[in-house]
Structures are given as C-alpha cells and as structure tokens.
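> Letter by letter, the chains look like this.
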Amino acid sequence: MFAEDDIERRRVEREAADRAYNEALTAFDQAFPKLPELPHPPVAYDESQLAALNDRWGILAANPVNDLRGWRRRLALLVWGLFGPALERQQAFNATLVDHLNRNVDVHRATRAAIEATLGAVRGELEKLETFHTKLILYLQTITSFVDTKDRSEHIATLTNLTNAGLSGVADEFRRRWESMVAREQRYVAAVDELRTSIANVQQTGLMLKRELERGLAGATAGATASGPAPAAATALPVSRTDSVNAYKYVCFENKFRGSEADIRERLLTYVEIFEGASNVLDLGCGRGEFLALLAERGISAHGLDINHEMVEACRARGLDAREGDAMAYIESIPDGSLGGLIAVQVVEHFQPPYLVRFLDTAYHKLRPGSKIVLETLNPSCWFAFFEAYIRDITHAWPLHPETLRFLVVASGFQRIELRLLSPYPSDAKLQHARVPADAASLPMVNLMSAFNENVDKVNDVMFSYLDYAVVGERI
Amino acid sequence: MRIAWFSPLPPHRSGIAAYSSEILACLTSHAIEAFVDDGAGREAVAGSRPIAGVAVRGAHDFVWRHARHPYDLVVYQLGNDLCHNYMWPYLVRYAGLVVLHDAQLHQARARALILQHRETEFRAEFAYSYPEAEARIADLTVAGLGGALCYFWPMVRIPVEAARVVAVHNAYLARELAGEFPGRMIRHIRLGVPDSLASTAASAAEVRRRHGIPDEAVVFGCFGRVTPEKGLTGVLRALAQVGPSVPNARLLVVGEAPSYFDLMAQARELGIADLVVTTGYVDEAALPEYLAAADVTLNLRWPTGRETSAAWMRCLAAGKPTVITDLAHLTDVPSLDLRSMTVACTDPGATEPVCVHVELIDDINMLRLVLRRLTEDPALRDRLGRAARRYWAGHATMTVMARDYEAAFASAATVPNPARPEAWPAHLTADGTATARALTAAAGTDYPLGPVSGAGMTSAERP
Numbered sequence: 001m002f003a004e005d006d007i008e009r010r011r012v013e014r015e016a017a018d019r020a021y022n023e024a025l026t027a028f029d030q031a032f033p034k035l036p037e038l039p040h041p042p043v044a045y046d047e048s049q050l051a052a053l054n055d056r057w058g059i060l061a062a063n064p065v066n067d068l069r070g071w072r073r074r075l076a077l078l079v080w081g082l083f084g085p086a087l088e089r090q091q092a093f094n095a096t097l098v099d100h101l102n103r104n105v106d107v108h109r110a111t112r113a114a115i116e117a118t119l120g121a122v123r124g125e126l127e128k129l130e131t132f133h134t135k136l137i138l139y140l141q142t143i144t145s146f147v148d149t150k151d152r153s154e155h156i157a158t159l160t161n162l163t164n165a166g167l168s169g170v171a172d173e174f175r176r177r178w179e180s181m182v183a184r185e186q187r188y189v190a191a192v193d194e195l196r197t198s199i200a201n202v203q204q205t206g207l208m209l210k211r212e213l214e215r216g217l218a219g220a221t222a223g224a225t226a227s228g229p230a231p232a233a234a235t236a237l238p239v240s241r242t243d244s245v246n247a248y249k250y251v252c253f254e255n256k257f258r259g260s261e262a263d264i265r266e267r268l269l270t271y272v273e274i275f276e277g278a279s280n281v282l283d284l285g286c287g288r289g290e291f292l293a294l295l296a297e298r299g300i301s302a303h304g305l306d307i308n309h310e311m312v313e314a315c316r317a318r319g320l321d322a323r324e325g326d327a328m329a330y331i332e333s334i335p336d337g338s339l340g341g342l343i344a345v346q347v348v349e350h351f352q353p354p355y356l357v358r359f360l361d362t363a364y365h366k367l368r369p370g371s372k373i374v375l376e377t378l379n380p381s382c383w384f385a386f387f388e389a390y391i392r393d394i395t396h397a398w399p400l401h402p403e404t405l406r407f408l409v410v411a412s413g414f415q416r417i418e419l420r421l422l423s424p425y426p427s428d429a430k431l432q433h434a435r436v437p438a439d440a441a442s443l444p445m446v447n448l449m450s451a452f453n454e455n456v457d458k459v460n461d462v463m464f465s466y467l468d469y470a471v472v473g474e475r476i
Numbered sequence: 477m478r479i480a481w482f483s484p485l486p487p488h489r490s491g492i493a494a495y496s497s498e499i500l501a502c503l504t505s506h507a508i509e510a511f512v513d514d515g516a517g518r519e520a521v522a523g524s525r526p527i528a529g530v531a532v533r534g535a536h537d538f539v540w541r542h543a544r545h546p547y548d549l550v551v552y553q554l555g556n557d558l559c560h561n562y563m564w565p566y567l568v569r570y571a572g573l574v575v576l577h578d579a580q581l582h583q584a585r586a587r588a589l590i591l592q593h594r595e596t597e598f599r600a601e602f603a604y605s606y607p608e609a610e611a612r613i614a615d616l617t618v619a620g621l622g623g624a625l626c627y628f629w630p631m632v633r634i635p636v637e638a639a640r641v642v643a644v645h646n647a648y649l650a651r652e653l654a655g656e657f658p659g660r661m662i663r664h665i666r667l668g669v670p671d672s673l674a675s676t677a678a679s680a681a682e683v684r685r686r687h688g689i690p691d692e693a694v695v696f697g698c699f700g701r702v703t704p705e706k707g708l709t710g711v712l713r714a715l716a717q718v719g720p721s722v723p724n725a726r727l728l729v730v731g732e733a734p735s736y737f738d739l740m741a742q743a744r745e746l747g748i749a750d751l752v753v754t755t756g757y758v759d760e761a762a763l764p765e766y767l768a769a770a771d772v773t774l775n776l777r778w779p780t781g782r783e784t785s786a787a788w789m790r791c792l793a794a795g796k797p798t799v800i801t802d803l804a805h806l807t808d809v810p811s812l813d814l815r816s817m818t819v820a821c822t823d824p825g826a827t828e829p830v831c832v833h834v835e836l837i838d839d840i841n842m843l844r845l846v847l848r849r850l851t852e853d854p855a856l857r858d859r860l861g862r863a864a865r866r867y868w869a870g871h872a873t874m875t876v877m878a879r880d881y882e883a884a885f886a887s888a889a890t891v892p893n894p895a896r897p898e899a900w901p902a903h904l905t906a907d908g909t910a911t912a913r914a915l916t917a918a919a920g921t922d923y924p925l926g927p928v929s930g931a932g933m934t935s936a937e938r939p
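Chains A and B are the protein sequences, given in the same order.
Following this note's numbering, the numbering of the first sequence begins with 1 at its first residue and continues without gaps.
Following this note's numbering, the numbering of the second sequence begins with 477 at its first residue and continues without gaps.
Calculated from the structure, these hints are not laboratory results.
Heads up, a few of these hints could be off.
[What the hints assert, rightly or not] Far from chain A, some chain B residues (derived; all Cβ distances over 12 Å): (1) Arg518; (2) Ala619; (3) Gly700; (4) Ser811; (5) His871; (6) Trp900.
[As the list claims (entries may be wrong)] To give a feel for the contact side, a few chain A residues facing chain B, derived at Cβ under 8 Å: (7) Gln141; (8) Glu179; (9) Val182; (10) Glu194.
The beta carbon of each residue, even a glycine, is placed where N, CA and C say it ideally should be.
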C-alpha cells in the first residue's frame, strides 16, 4: 500500500516526465528543416544561331583563284596572297568554332537533362525524408500510448498480484488469529461451565445452610414462645395476591385490562420454546389458562396454580389441570426437584418483597437441574407502565425494577440469566420530534430544535420504553 | 455387509491411501470391494498393493456391478486433494457414508474442474454452496488467486447433502458440521493408527550415525512431505534464536521436499545449516527407525482443513513427546502450555498433558520455549511420551477406529437416501444421456437413449 505522499510524488514525477517527453517531441518535430526550394534546371542550350553559323562559317569559296584567268587571275593571286591566309585562318577559326559549338550541343543537352534529373531525384528524396519525419513523429506519438497502456496493463498485473498476495496474507493472518481465539474460546467455555457448576454448588450449599438456619431459628422462637413472653413483633407473613379483592371481580378486572384471551395467548407464545422438552411445568398465576393450553398443545405436561377460585374454575372448564392455592404454600408442599419448569406471568408484582425472596429460594430447590424459571412482570422503569398499568391494579404489592428482579433471581441461585424487554410502547404514540422547515432553518433555530428533540428522546426513554419485561433463569 | 469403498490405495503416496489399507484390514467381517481411480487406465487397479480380503476394482466398474448386485453401503474417503476427484460423480449419485478427512474441499474441487475446463460448473457449485457470497469470489479461484481466501469458503455443502451419513475424525468438526447442516447425520469416528512400536526393530543409533547426528543430541523430528504447511520456517527461526543456548538441539526432517520449498537454503541463510538434517524421501518401511531416532516430533500444521493427522497419531503411538499447532479441533486433547506450564484442555479435569501446543499468534516465542525446554528437560520428554502412548491406547488404536466404523456402517445402512436438493447445479444431476445423444448423433445414428434403470437402485441413485 502506497502512502498518500508517495502517490503524490509519483504523480508529479509522472507529469514531469510527460511534459519533458512532449517538449522533446515538439523540438524534434521543429528541428527537421523545411523542404528547401530547389533551383530549377538551367534553361535549354540556345541553338537558335547554330544552323546559321553552320551555314555561314565558310567565308571562302572552294577554289577562288582556279576559275579566273588572266589578270584577274594574277590580281586575284596578288590579293589572295595578301588576304588569303588571313581569310583562311578566319575560316578555319569559323570552322573550328562551329564544329566546337556543334560538338557541345549534346553535352549541353545531356548536362541539362542530368541537372534536371538530379534535382528531381533530390526533390523526391527530400519528400521521402519529409514523409519519414512525419511518420516518425506519428510513431513517437503512437508509441507513447503504446508504452502507457503496456505499462498500465503490466502495472495492473503487478498490482493485482500484489493485492492478491496482500489479501491472501491478511486472510491468513486473520485466520491464524481467529483460530487461536477459537481454540482459547473452546477452553474458556469449558472452564466457564465448570466455574458455573461450582458456583451453583456453592449457592446451593449456601441456600441449604440458610434454610437450616431459618428452621433452627423458627424452632428456637417457637420454644421461646411456648416458654416465655411473646416477641414484640412477629415476622410479617407474606401477603398473597387477592386477599382483599373478591375473586369474581378480579376475573372481570383481568378481562377489562389484561387484554383478550387471544391477545394473552399471542403474548405467551414466546415462552413456549423455553419449556420445549420439559415436563411438569408449573404455571403460577395461571389465570384463564392460556399458557397451560399452549403447553398442552405441544405435549408439555404442566399444571397451573391460582389463588383466584374463579380463574381456576375457568381453567378446569377447559380441561386444564389447575389448582387453587397460595403460591408459597403450594411450592413448599411439593418435593424438591419435582418441577421441570416454572413460569409466573404478571404475578411477582403481587408479592411483598420478603414473600418474593422466600418464594424464589424455595422455587430453586423445587426445580430440577437444567430447568428454567420465567418471571414476567410490569416494567416500572417505564413511567407509563407504572402510572397507567401498575397502579391501576390495586392488588399489586410492590413494583419490581428489572435489575432488582434479576438480582433477586441470581441471588436465589439461578444462572444463565436473560432479561427480555417486552411490549415496546408504540413508536407512533411516543412524543415526536419537531421538524424544522427547510426554508426557516437558521443556526439558533436548528440548535433549539436539536435540543428539543434530544429532550424528546430522553423523555420517551423513561416514559415510553417497554411496558413489560421477563427474567429467565436456569437452575444448573 | 457388502460395501463399496472408494479410496486411493497404496502405492499411491497419499495419507488416505495408507489409512484405507490399514482400516480395511480391520473390517474383514464385511465383504468390501475397494474402487480406485482408473481414469488413467487399468494399471492403477493392477498396481494397487493387495489388502487381505479386499477386492480392488476400477471405479468405472462400480455402476454395472452395483446395478447387477447392489452394495449395502458405499463409503467415500474424501479429502482436499486431486486424487479424490474421481469419486465425485459417484458420491453425488450413490448416497453413502462420506468420510470427510478435510472440512475444506475448495482447492481440490476447483482445481479438478478447472483442469477440465469446467470453470462454469465450478462457479455454479460455488454459487450453490454460498448463495449469499459475492459470485466473483469464484473468479478469484478460477484466476488462480484464491490463496488463503479459499479457506473462508470450504465448499463441503454438496458432499454433505449428498451423503446418508457424514463421518469426520474429530468431535469439534462433527459439532461444527451438525450446526451448519441441521438435519444431516454427522458422526465422529475416532482416528486410529497401528501400534508404531510393534514394527520398530530399527536402531535409532544407526540412523543418527548415518546422518552424523551426535549421540548426545536431542533430535526434533518432522515427518512427511516437507511443505510450508509443516511450520518449519518458524521452527528454523526459533532454532536460530535459541541455537547458542541449546547446542544439542538438532532438527531432523524426514520426507521429500517440493522444488519450491528449499528448507536447507533457509537454514543456511539463518546460519544453522549444521543443526539441520534433511533425508529426502524415505520409504515407508524405513520410517519407524527414523521415528525411533527422534526425541521429540514436531507435528505443526497451518493452514488447517480441520484434518486429524494420522502422522501425529503415529508419533503418539510411538510414545514420543509431540508438538502440535493449537487448533480449535484439537483442544479436547490435553496439551501443555510451556509459557505457564499449565494443561490446556476442554476437559477441565484433565491434568496430564499428552503433547505440547504452539499458538499460531505466538508461535516463534512458543517454539523457542519448546526447543529450549524439551532439549533441557529429559524428564518432561519422558512424561509426555508416556502420556502420549497412553492417549493412543485409549483413544486412537485401530480397534477403536474399527468399532466406530462399525457403528457408522450400521447407522448409514439404515438411513434412507437423502433427496437431492432441487437447487443443485445441473451438472451434478445430469444423467449423461444428453452427451451420449450428441455422440451418437455425431456418429450419424439416432439411438433412443434414456436413463439407466439399474436393479436395486433408488430413484435418487439412478444416474
């Protein structure tokens, strides 16, 4: 991977090289001389007087004296004697000159033809040179892109190989780390399981000791009561859910506020998978038996308990196994490790805290190892749920914050705790964000709206979050 | 039970060939016919080393033999090597017990198809195996650029879906595959090897003398084909770093090396050539004496296809202290972490280490510790060696493996053939008649070709 400045340096170098190349190419182009203006061949040899000269070079008659007789002959001889030699030389000169001229006619012609041919050849070669130059320039221009593309493809191939090698290396390194982490995880998981079991054993031992201590204290108190004055304040007894409300009224209340049977059934469906494969599940506060019916449909044996007579009767009318009684009293009466699961939906908020703590401690012992407990209740950390639902029901004894209930379940010995937030408040019913019109947007307005919307979120978070929650735990 | 057994056999130099010959000798209560690759000719059949009670046949004879007299079970020994390619046409048509030696088939499958110019079919298999993955990933493999990336897409889906039962040689892999392919029957067959000490009649001293190794030297042996996967580059680096403080440590590398991996060149570069001895290829018969000459064996392996190494098991059987790479599928074997001298194992109750492990992310450091500690501490070597032998006796004998095979046979024989997934690439379900029609048409005939109806073959098996 190149550093950014390295890439920039390479770009600058590349541009400089491009520039230098183009300048060199231009200089090369300009350095080639323009095709010179070649001279024309000389004009043709002037032969116009040649014929006349050939006609007139002879200035003497063939034998000027021989045809004369007498004095004319003598006079002619005298005159010939005086002028004849000069005239003969003149004629000889003329003859030589004309002969010379006649002889050079061909030379002149050949010379001119040679000059003309030479000039033509030179011109042709220069034209070829010019064509070569043009083609050379074209070649140099073409080779630029050729080299560029060739470089590019080789560069791409190199980059591809580099990238692939890098990618492969990163993948290998990633897998090495992943493999080491998975190997470690395998051992950690095993160690955590062992630790969890040890903790469960310690917790169980602590709970057993606590129960023994309570029994011992109760025995001591009973002994003291029998033999001495009554204690100043007796331990508060747990308060069960509908002591003060007539049973039939609660059925009506449930019908009005908890939702229809179909609604409840739909909501409870999510818990069925938790008890898949279990048997003898206790549905505490079974109400109209919606969950018992769901379990029965899946072949999971279960029975219900409700303190409300009318509810129990409603279940029985549907052929479900439901019993009437107090939660604490009932689970104390059954053998340890006899339950394959326990669910209490919208029940624990009806318990006073001491009752709830005791109930959870006991439930832990009554459940078989590996079985689950599910406690669903209203979520008082959601203000709407608290004010609109929790306090609406006069049988609610104590609101349970999710973290509080989780803590109590853990403290009772349960492990693998899961907190499920349920029944989200409908988004469209929550406080809504304000929207700033685009044309009116100014910085102060945007800031104001932003602060307003943040506050809307905060209020929504505390007032309109999740109406219910469930704590799911397991007895290890 | 009448069983058809697809596997390479000796003299093929594959670990699975040796494995098959060993286990077949222990399954003599069944009528087993071994089918080897006869794609290059019948010589492969004739040249196979005989195994008592096992008839060796060419794979091309399987279809008609099965049609004539159906086998009760077909067993496929499948690994990430080209030598297993010949099984694919059968395993996708004749469901059986697929023994998956590597949970990583990408490279071999890709290579086999690409060599036959069947890139499109490779792409189709990749796309089917990983419908949500970017399809162009297959192009990387086709272009020869897969590298380590292939390990992210092991491509075992098709053989797993084709099998009645899949067997693997470690529990971790069995769990992983069961999670990845719910509803498929995955079994764990413990890997067994013969007793290495039973055949050791050789003199370790003679081997040492032959290679100029002093008697007082502590020999770290590495066995098998010398490839980068054996982690020897790291061993050399560690040896170079600790060499002066442990002058007695020697590295004995037994096995042939490919041309692209020159271990001695690396050793020379690090200045430790005098501490390293390479033997080149050693005949199988001579291996026990080399094993006897080693004080510690290095059984490092990376990358991994989650294979369980028979070579490592042989070292355990020989009672040698062994050094392994810390891999997820080996965490159920108690191993010693030399940094803390603690026993690491998924069984928290394990207190006796069987081997020493080297973490991939701290390998050089841990290899330095290995070389130093195991050279200087003969008591620890002795303790590890005895624990190794005990582990082999309890978990990795041929008897143990044969018992697991019997259970797998019984299970696979009763399981119905799985339905072929509708979305399988077409070439996996093609019955070949289209090719035959094309051939007959080219020959100028119009023979009415149709699917073969083999006696005793189910519709899923019918080619």
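> Each hint needs a verdict: does it hold in this structure or not?
A quick look at each hint next to the structure:
No beta-carbon of chain A comes within 12 Å of the beta-carbon of arginine 518(B); the shortest separation is about 41 Å. Not every CB of chain A is more than 12 Å from the CB of alanine 619(B) (nearest about 9 Å), against its label as outside the interface. Under the 12 Å C-beta cut-off, the non-interface status given to glycine 700(B) relative to chain A holds; the minimum distance is some 21 Å. Under the 12 Å C-beta cut-off, the non-interface status given to serine 811(B) relative to chain A is violated; the minimum distance is some 10 Å.
Interface exclusion of histidine 871(B) from chain A stands, the closest Cβ pair being 18 Å apart, more than 12 Å. No beta-carbon of chain A comes within 12 Å of the beta-carbon of tryptophan 900(B); the shortest separation is about 28 Å. Look at glutamine 141(A): its Cβ only gets to about 34 Å from chain B, farther than 8 Å, so that hint breaks. Given hint, glutamate 179(A) at the interface with chain B, holds; its Cβ is 6 Å from that chain's nearest Cβ, closer than 8 Å.
The beta carbon of valine 182(A) is positioned within 8 Å of a beta carbon in chain B (closest approach about 4 Å), and the interface hint is therefore held. Hint on glutamate 194(A) holds. Least Cβ distance to chain B is approximately 4 Å, under the 8 Å limit.
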